[in-house]
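Enquirer: Residue numbers (UniProt numbering), protein chains in the order written: chain A, 1 to 247; chain B, 1 to 247; chain C, 1 to 247; chain D, 1 to 247; chain E, 1 to 247; chain F, 1 to 247; chain G, 1 to 247; chain H, 1 to 247.
Since the hints were made in silico from the structure, they are not lab data. Check before you lean on any hint, since a few could be wrong.
[Claimed, not checked] The calculated lysine to aspartate or glutamate pairs, modelled on DMTMM-like cross-linking and capped at a C-alpha distance of 25 Å, are: (1) B:Lys247 to C:Glu16; (2) E:Lys114 to E:Glu16; (3) B:Lys11 to C:Asp163; (4) C:Lys11 to H:Glu14; (5) C:Lys11 to B:Asp163; (6) A:Lys89 to A:Glu70; (7) B:Lys11 to E:Glu49; (8) C:Lys111 to C:Glu138; (9) B:Lys11 to E:Glu19; (10) A:Lys247 to H:Asp190; (11) H:Lys11 to C:Asp98; (12) F:Lys247 to G:Asp145; (13) E:Lys11 to B:Glu14; (14) D:Lys111 to D:Glu70; (15) B:Lys114 to B:Asp145; (16) G:Lys247 to F:Asp98; (17) B:Lys114 to C:Glu14; (18) C:Lys247 to B:Glu94; (19) F:Lys89 to F:Glu19; (20) C:Lys111 to C:Asp98; (21) D:Lys111 to E:Asp190; (22) H:Lys114 to A:Asp190; (23) H:Lys89 to H:Glu49; (24) D:Lys114 to D:Glu82; (25) D:Lys247 to D:Glu138; (26) A:Lys11 to G:Asp145; (27) A:Lys11 to G:Glu16; (28) H:Lys11 to C:Glu14; (29) H:Lys11 to C:Asp163; (30) A:Lys67 to H:Asp190; (31) H:Lys111 to A:Glu70; (32) B:Lys114 to B:Glu138.
8 protein chains.
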Amino acid sequence: MDIKDMLNLVKSGEMEIQEAEQLLKDLPYEDLGYAKLDHHRALRSGFGETVFCQGKPDPYLVEIYRKFYERDGEVLGTRASEEQFELVKSVVPEVQYDSISRILKVEQPEKERKGCVAVCTGGTADIPVAEEAAQTAEYFGCHVDRIYDVGVAGIHRLLSQRDRIRNANCIIAVAGMEGALGTVIAGLADCPVIAVPTSVGYGASFHGLSALLTMLNSCANGISVVNIDNGYGAGYLATQINRLAVK
Amino acid sequence: MDIKDMLNLVKSGEMEIQEAEQLLKDLPYEDLGYAKLDHHRALRSGFGETVFCQGKPDPYLVEIYRKFYERDGEVLGTRASEEQFELVKSVVPEVQYDSISRILKVEQPEKERKGCVAVCTGGTADIPVAEEAAQTAEYFGCHVDRIYDVGVAGIHRLLSQRDRIRNANCIIAVAGMEGALGTVIAGLADCPVIAVPTSVGYGASFHGLSALLTMLNSCANGISVVNIDNGYGAGYLATQINRLAVK
Amino acid sequence: MDIKDMLNLVKSGEMEIQEAEQLLKDLPYEDLGYAKLDHHRALRSGFGETVFCQGKPDPYLVEIYRKFYERDGEVLGTRASEEQFELVKSVVPEVQYDSISRILKVEQPEKERKGCVAVCTGGTADIPVAEEAAQTAEYFGCHVDRIYDVGVAGIHRLLSQRDRIRNANCIIAVAGMEGALGTVIAGLADCPVIAVPTSVGYGASFHGLSALLTMLNSCANGISVVNIDNGYGAGYLATQINRLAVK
Amino acid sequence: MDIKDMLNLVKSGEMEIQEAEQLLKDLPYEDLGYAKLDHHRALRSGFGETVFCQGKPDPYLVEIYRKFYERDGEVLGTRASEEQFELVKSVVPEVQYDSISRILKVEQPEKERKGCVAVCTGGTADIPVAEEAAQTAEYFGCHVDRIYDVGVAGIHRLLSQRDRIRNANCIIAVAGMEGALGTVIAGLADCPVIAVPTSVGYGASFHGLSALLTMLNSCANGISVVNIDNGYGAGYLATQINRLAVK
Amino acid sequence: MDIKDMLNLVKSGEMEIQEAEQLLKDLPYEDLGYAKLDHHRALRSGFGETVFCQGKPDPYLVEIYRKFYERDGEVLGTRASEEQFELVKSVVPEVQYDSISRILKVEQPEKERKGCVAVCTGGTADIPVAEEAAQTAEYFGCHVDRIYDVGVAGIHRLLSQRDRIRNANCIIAVAGMEGALGTVIAGLADCPVIAVPTSVGYGASFHGLSALLTMLNSCANGISVVNIDNGYGAGYLATQINRLAVK
Amino acid sequence: MDIKDMLNLVKSGEMEIQEAEQLLKDLPYEDLGYAKLDHHRALRSGFGETVFCQGKPDPYLVEIYRKFYERDGEVLGTRASEEQFELVKSVVPEVQYDSISRILKVEQPEKERKGCVAVCTGGTADIPVAEEAAQTAEYFGCHVDRIYDVGVAGIHRLLSQRDRIRNANCIIAVAGMEGALGTVIAGLADCPVIAVPTSVGYGASFHGLSALLTMLNSCANGISVVNIDNGYGAGYLATQINRLAVK
Amino acid sequence: MDIKDMLNLVKSGEMEIQEAEQLLKDLPYEDLGYAKLDHHRALRSGFGETVFCQGKPDPYLVEIYRKFYERDGEVLGTRASEEQFELVKSVVPEVQYDSISRILKVEQPEKERKGCVAVCTGGTADIPVAEEAAQTAEYFGCHVDRIYDVGVAGIHRLLSQRDRIRNANCIIAVAGMEGALGTVIAGLADCPVIAVPTSVGYGASFHGLSALLTMLNSCANGISVVNIDNGYGAGYLATQINRLAVK
Amino acid sequence: MDIKDMLNLVKSGEMEIQEAEQLLKDLPYEDLGYAKLDHHRALRSGFGETVFCQGKPDPYLVEIYRKFYERDGEVLGTRASEEQFELVKSVVPEVQYDSISRILKVEQPEKERKGCVAVCTGGTADIPVAEEAAQTAEYFGCHVDRIYDVGVAGIHRLLSQRDRIRNANCIIAVAGMEGALGTVIAGLADCPVIAVPTSVGYGASFHGLSALLTMLNSCANGISVVNIDNGYGAGYLATQINRLAVK
C-alpha cells in the first residue's frame, strides 16, 4: 500500500490535504451511480472485474461492457442470455458468446497459458456449469483438461482417467444429484479439489441442495465447496491456486 | 385366503354366524389394551413380529417379551438399552444383549441359514447400524458377509472387495456424512442394493439428512433407501429378497 | 471377473502388455467426449443402459439414440418430451413414444416375460409415474399387474385387491400427498414393497417431500423408498428382485 | 354482549363514567403482573382456563394453581413434571398427578359426562399424547373410548374396531412416524377427525414433522390437524364438537 | 354393518358363496380402471364424492363428471380451470363455473340449508380460498356468513364483527402471510375454528409455510388446521360440525 | 382516546345509545365487502393506507384507487404491474408509475421533506427493492440519500461513503446473496439500521433465505430486519424513526 | 472523523509519519490476542461494548470484565450463568446478577433516564427474553414500561393496555409460538415496533422459527424483527430510537 | 502408477499371477476388520491418515493410535475428549492433548515449516475451530499467523490487519452467526480464502446453517467453503495450497 508515499507527499507539501482526502475516497473505483466499477482490481489481485449479466437492466449492461472494453481491451461476463449478446454486440462488435457456458466476452488473442486445471463432470447435464468454470480458468490463463461424464455410478470410467486427474494443480469436480464425484476424486488425487454442486436432478435433489450437502460432508481430505451452479467461482479459485503452483 | 373355507362352514351349519363374526374380528392379534400382538404375522409373512424397545414403558416391555417368548420360544427386539436388558432378563433369563447393535433377543439354536446378504459400511462409526442390519438378517435365516470401512474417499478399499460384493443376493450399504457408498456399490454389483443413511457426522450432515438425500438421488440403478439409522428395516427387506433368490 | 484370464494371456505372451493396459482402460465404455456410453452394462448386469432424456442437448440425444440402436437393436429412454420424440424419430424411425409415461423407446418384438410385478397408485394423478415404472419393468422382461386408484382414504378399494397384491414377487406403491399407500400394502403382502413418492399434491406436500417422509417413516416391514417421481428406478429395482425370484 | 346494558346504566346515571371506563378495562382478567388470569373464560366459553405447566417458574406456578383452585374449586394443568406435582401439592393438597399424560389437576367429583369421543393411537409409544387428549376431554365432560395400537401397518387391527370408531361424535387420531392413521379412520367414519402428530420416531421423522405433513396432506375428507404432541388441544376441540352434537 | 345380514342369507342358502364373495369385493365402487368411483360414499357419510379437477387428464375428467351426473343428478368439483369448464360443459351442459373459487359443479335447485358457518379472511387476496370453502359448505347444506378483510393488523375491523362471529356453529379463518387471524377469532368465539393458511404473501411466507406454522402454534383453544389453500377441506369439515349442531 | 367524550355525550343525552353503538362499530373503516378501507389511518398514525397491488383483482384495484384518490387526493401503491398502471390510469388519469420500483401513485405536489434516510445496496440488482424503500420514505416526507453498489466484497467502496452514512437518522441496508451489508454499516453508524434481504442470487441463496438469516444473525448492534424484498416496510419504518428524530 | 486533523498535524510536522501510521492502526481497540476490546465504541456510538457471556472461556471472561470495569466503571453482560456470576464476582465484587434475564452487570448509580420504551410479552414464559430487553434499555438510559402476558388469544387483555402502548416512543413485542403479538400492537400504535420471536413453544414451533416467520410476514406497518430470543438486540435498538425521539 | 512394472514382472515370470492378484487387492491398507488403515496415504499424498476420534469405541481408538504410532512415529487425531486422551495415553504415553482445539497427537520434534497460512476468526468463540485448523496446518508443515476477533461488525479491527492478511499464501476465515468475515477478507486479499462456518450463535443461526449459507453466497471471488466447524478440513486444504506455493 502506498499510503506512506502519499503521506510523504502531504508532508513535503507536494500534495494538498484536500487532494489527499479526495484520493483516498475516489481512487478505488469509477462511480456510475447504479454501479461502482473497480478498475483497480486487476492491479490489486491480478484479475479484472467480471460482469454477472443475469438480471442487469439493458442500459446498465451495455454501458458496463463498453466502459470495461474501452479501458482494458477485454471483458469477461457470465450468465448472459442470447438477447444480451445481441444487445452488447451492437455496441461492442468484438464480443463473443458461447451458448453452453453462457459466457459473453472479449478476450485478447494469444494469451499465454500456464499450469493445468482439470474440470470433471458426473454427467452430460453438468457440462454447462463445467464450461463456465473451464472457460473462466482459460480466460485467466490456465490450461484446462476437460474430463466429462465420469460419475461414480460407473466407477471404471473415472478410474481410467486417473493419470489425467493426477496431472493437474487443481481439480474442479462438477456434479448434481448425489454429487459424490468430488470425494472419489479427492481420494485419488493429492491436489486441492473444488466441488461444484449443480442444480441438475429432480425430486429430492431440491435444486442442488442434495449435491451441496454431499460435498460439504465429504469424507475426503482436500476438498471445498462453492455455491450451486457457481462454475465461475470455481474457475476463479482454481486459477488462484494454479498461479501459486506455477509462480 | 380361507374366508371361503369359513363361509363354507357357515353355509353347512358347522360354524355359527356369531362365531364367524368373532373369528373375523379376533383372529389377527392378541389385545393387551396398550398393545395388540400380532402372533399371526409369522404365518402370514414368514417373519415373527419384532419389538421396537426404545421408549416402551418398562412393564409393557417386559410383558411383551414374556408373551412372545412363551408362545414362540424366540423373540427379536431392537434399540434396547442396557437397563432394558437387565429388566427383561429378570423375567426371561435366556435373553441376550449385544451392546453394539443394541439387539435384545432370544434365538433358537442351530437355525438353518441360506443365501448371502452383504453388509458394507463407509466407516467404523457406521458399524452399530450395520450390525443391527446384519444380526436381523441372520436372525431371519441369512448368511451375512460383513465388509466394513470401505468408504468411497479411499476407493481402492472398496474395489478390492468386488468379489465378495458380487457374491451376495442383496447388499446393504450403510453410510453417514456424504453417503455415496451405495451408488458406487450399485455400479459394481447387479443385485438389489439397500442404502441405509446413518446419523454419523456433524454440521451440515444434519443428523443424517445429507446421507439420506445423497442416497435418494443416486445416479446408480437398482438402489433404494430406508430411514436414517434403520438397520433393522434394511435387514428385514434384504431377507425378503434373499428368500426370493434361494426359494 | 476375467482379469485372471487376461493376466494368463499376458504371462503366456499371447497378449502384449500395452494391449492389456489399453484393454483395462478402454474396455468399459465408448467415449463420445460429452458422454461415455456403457455398452458392457448389459453383459455385466443383464440390463442395457437407459437414456435420461430430460435436459439432454438435441444433438447429443439423437447421437446417443443412434449409437445404442445401431449396436443393440433396442433402446429405452425416460422423461422424453414430444419434441424430443420428433427429433429422434427423424434418425431412428422405429422409435415409439408414450405421452403418459414419457417413455421413448425401440423395443424388440415378442420379448419373453417372466414373474409378476404389481404396480399400485393412490390416485389417478399418480398414473404417469406408475406407467414409467410399469413400462420399465415390462421392457426388462416382467409381467406387470396395474392396480390404480386404491388410496388409503377409501381402504375398501385396496382390500378388495388383496389377492392380486399377494400374487406378485415385488410391489411398487406409487403415491403423492400423504403417501401412506406403501405401508398398508406392506402390511398385507409378504414380498418387498418399493415405495415411490410423487410430486402430486399442493401446499404442504412441498412437491413430494410429504409423501417421501411418510414412506421413509413407514411402520411396516419390507419397504424401501426411491426418489420422488422416480418410476424408472422403481421399475428397474423391481425387475432385479423379480429376476431373483424366477431364476 | 352487555355493553348496551352498561350504556343504559350510564345514561340513566346509575353508573358513573369513570366506573364504566374502569369496568371496560378490568373486567376480563385478574392481573398478577407476570400473568393475567382469565376467570371469565368459563362464562364466555364454558371452559375454565388451563395451565400449561412446562417452563413456568415455581412461584408463579404455585400461585396460579392456588388462585384457580380457590375461585373455581378445580383446575386443569398439562405438561407437568413430577417435581411440579410435589410443589403444587404442598399448597393444594387435593391435586392429582398422572405420570403418563403428565396432567396435574384437581377435579370435582361425579361430573356428568355426555356424548362420546374416540381416541385412537398408531402405536404404544403414542399413548402419553393420547392420554393428554383423553383426560382433557373427560375433564370437560365427555365419555372417551380408547382404541390404542391400531396403526395402519396391520390394517386388520383397525378394521376390527370399525363399530367403536363409528360410534363417536368426534375421533382423535394420534400417530407418529408416518402418521397415516387419521386418513384411514376418516375414510371409515363420517364424523370429524382431529389428527395429532406425535414426535415418536427417529431419523427422517424429524421430531414429528413427517407425521405432521402426512396429516396435513391427507386425501380423506373431514380431517384437521393440531400441533405435534398437542393432545390437550385435540381434547379441547373434540369436546367443543361433542358438545355441539349432544346439545 | 350388514355383514350379518349377508351371512344370514348365505346360511339360509338364499345367497351363493361366490355371490357373497363378489359382493364383498365389488360393492363399494365402480371401477373405471384409471379411477374407482365411490358411489356409496353418500350413503356412508352423507356426502357425495368430490372431483379434484387439477391435473386430471381431459378424457378422464369428462367421463367422471358424466358418470356422477348421470347417477346423482349433481356433482361438485374443485380447482377447475376455464378450459376444463368448457370441456365438461360440452358433455354436461348444466355445469356451472365460478372463476374466483374455481368450483365447477351441477347443483340441484332449492336445496335446504341449515345452521350457520362463518367464513373470515385476513385480506382481499385470501378470498378465492375462502370462496372454495364457503361454496363447499353451501353445496353440502349450510348457511354461510362471509366476513372478509378483517386481518389482525387493524383489529377494530374484526372486533366490530364479534356478533356475527359468535353466531356461527363453526368458523373458518382463512389467512396468508402471518396467519394470526384464527387465534384472535378463537379467543373471541366458543365454537370450533378451522384455520386455513393460504399461499398469499412473498419472501419469508414461503408459499404459505409461515401462515401454516402460525396456525399450528396457536395459543388459542379450539382451533385446528388444514393444508395450505385447502378451502374445500375446511368447508367439508365445517359442514360435518354444523350438521352435528343442527341435528 | 375520545371514548370518554362520547360517554359524556351519552350521559347528557346528546347522543343516543344506538348511535353510540353504531359509532363504535362503523367509525374505523369503509366497507366495500371484499375490502375494508381504513380512512382513519392517517389521523391515527400520520400515514395514509397503502395499496398492495400484486394479486388484487382488476375491478377491486380500480375501485380502491378511485376511493382513496377521491377522499385524500393522493394514494400510494406498491408492486404494481405495467398492466395495472394502464388500468388505473383509465380511471385516475393523474396516476404515475415507476417501472423500477413498481410504485403506482398519485402524490400531491411540493410536499415538505424533513430529516434524512440513507438507502444503501450491496449491488446493482438490489436497486428495485431499494427504490421501493426510497420512494416510500420520500412519499411520507423524508429526504433520501441513495448510496448504491457498496457491497462488502469491495469494502473500500463502502468506507469512502462513511460521511453520508453517518449523516442519516436511519439507514436502510438492502442486500441479497450473503447480505452482510447491514452489519458493516451498523458497525460504522450510530443510528438504527433496517436490513432488507433481497431475493437476488441463485443456488444456495434460496430466494433470499441466505441474506435473511445473515441479517438476523448480525453481530452488530442497532440492526433489525424486515421480510425478503420488503422495501415498502423498510421505507415506512424508516420514516417513523426519522419523524421521531426531527419532531 | 478527524483524519483531517491528523493530516494537518502531519503536514505541519507536529506528527511523524510513522506515528500517524501507527495511530490509524492501533486507535480503535485494545488487543488481548483472543479478543479486541473496543473502548472507543462509547465515543463513537454513545454505547459501551457489551459482553456476550455464553460460551466465553472462564479466564477470558474474567479478564474482559476486569478490563471494562477498570476503564469505564461499569459493564453490561448478557446470557451469563450462575457460575459465571460467582467467577466474575471474585474479581469484580460490585457485579450484580439477575437470574431471570441472565444479565450480569455493574451499573453506575443514579443514571438519568429519558423517554419511554414499552416491553410487551405474549405469555409468562416470554418474560426472560423481555427482561433482557427491558434491562438493556434501562442500562442505556430509557424508562421502561412492562406489559406482560397480553397475548392475542385473549385480545381484551391487550386492548385494555392501549393507553400505555400509545405512550411509548418505541415498543418491543416479545412472543413465542405463533408470535402474532407484534402485528396487533403495530396496528394499535404509531411508533416503531421491534418484534422479538422467542423459542418458547414445542412441536411445530421449531425452536422459535414459527414466531420468527410470523413476525417477518406481519401485515402491519412499522414493524421489524430481530433474532430469536435476542432481547439484548431489541433493547439496544429501542434505545437508539428512543434517543432520537428525546434528543 | 506402477501397474506396468507389475505386469512386466508377471510377463517375465518373476511374479506369480496369484501373487499379482493378491498385491492388487492388499497393497493399499492394513485391515483390522472394523477399520482399514491407509498407511500408503503418506506416500500417495504426502499426508498421513488422521484419526477422527469422536464416536470411536474405546478399544478401536486405542488400537488405531498404537498402530499408527508404531509405524509412523507420529499420529494426528481430532475431536478427542479428555477421557479419550487419558485412555490413549495409557498405551501411547507420548501423546499430547490440547483442550481448546481438542487435538490429540504425537508429533515429531523440530519439523520444518514453510510458507504461511493465516487463520482469522470473527469472534472469540470461534477460536476452538480456528485452533483445529491452525494446529492441523502446523502439523503438516505450515507457518500459521493467527488473527483473532476481527469480525466485520467492527471493520476497523480487520482493516488494521491488512498487511498480515496479504502476507499469507492461503487464508482461513472462521466465523459463526452471520459469517461475513470470509467475503471481506477475500475482497482485501488476492490468495485463496477457505471459509469455515461455525456453530457459534443461537436462534436463527440454526447451528451454523446461517453462516454456511452466507459463505456459499459470498459475492467475493476466490473463496470456497467447508463443513460447519470443520477446522481440520480447512487446515488440510490450506496446507495443500501452501505447498503448491512454496514448492
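Enquirer: Decide, hint by hint, whether the structure agrees.
Expert: Hint check results:
no.: 1; hint: B:Lys247 to C:Glu16; result: violated (46 Å)
no.: 2; hint: E:Lys114 to E:Glu16; result: violated (45 Å)
no.: 3; hint: B:Lys11 to C:Asp163; result: holds (23 Å)
no.: 4; hint: C:Lys11 to H:Glu14; result: holds (10 Å)
no.: 5; hint: C:Lys11 to B:Asp163; result: holds (23 Å)
no.: 6; hint: A:Lys89 to A:Glu70; result: holds (14 Å)
no.: 7; hint: B:Lys11 to E:Glu49; result: violated (36 Å)
no.: 8; hint: C:Lys111 to C:Glu138; result: holds (9 Å)
no.: 9; hint: B:Lys11 to E:Glu19; result: holds (13 Å)
no.: 10; hint: A:Lys247 to H:Asp190; result: holds (14 Å)
no.: 11; hint: H:Lys11 to C:Asp98; result: violated (55 Å)
no.: 12; hint: F:Lys247 to G:Asp145; result: holds (22 Å)
no.: 13; hint: E:Lys11 to B:Glu14; result: holds (10 Å)
no.: 14; hint: D:Lys111 to D:Glu70; result: holds (19 Å)
no.: 15; hint: B:Lys114 to B:Asp145; result: holds (12 Å)
no.: 16; hint: G:Lys247 to F:Asp98; result: violated (36 Å)
no.: 17; hint: B:Lys114 to C:Glu14; result: violated (42 Å)
no.: 18; hint: C:Lys247 to B:Glu94; result: violated (40 Å)
no.: 19; hint: F:Lys89 to F:Glu19; result: violated (39 Å)
no.: 20; hint: C:Lys111 to C:Asp98; result: holds (19 Å)
no.: 21; hint: D:Lys111 to E:Asp190; result: holds (21 Å)
no.: 22; hint: H:Lys114 to A:Asp190; result: holds (18 Å)
no.: 23; hint: H:Lys89 to H:Glu49; result: holds (19 Å)
no.: 24; hint: D:Lys114 to D:Glu82; result: violated (31 Å)
no.: 25; hint: D:Lys247 to D:Glu138; result: holds (17 Å)
no.: 26; hint: A:Lys11 to G:Asp145; result: violated (56 Å)
no.: 27; hint: A:Lys11 to G:Glu16; result: holds (9 Å)
no.: 28; hint: H:Lys11 to C:Glu14; result: holds (10 Å)
no.: 29; hint: H:Lys11 to C:Asp163; result: violated (62 Å)
no.: 30; hint: A:Lys67 to H:Asp190; result: holds (24 Å)
no.: 31; hint: H:Lys111 to A:Glu70; result: violated (52 Å)
no.: 32; hint: B:Lys114 to B:Glu138; result: holds (9 Å)
Taken one by one, the earlier hints fail for this structure at numbers 1, 2, 7, 11, 16, 17, 18, 19, 24, 26, 29, 31, listed in ascending order.
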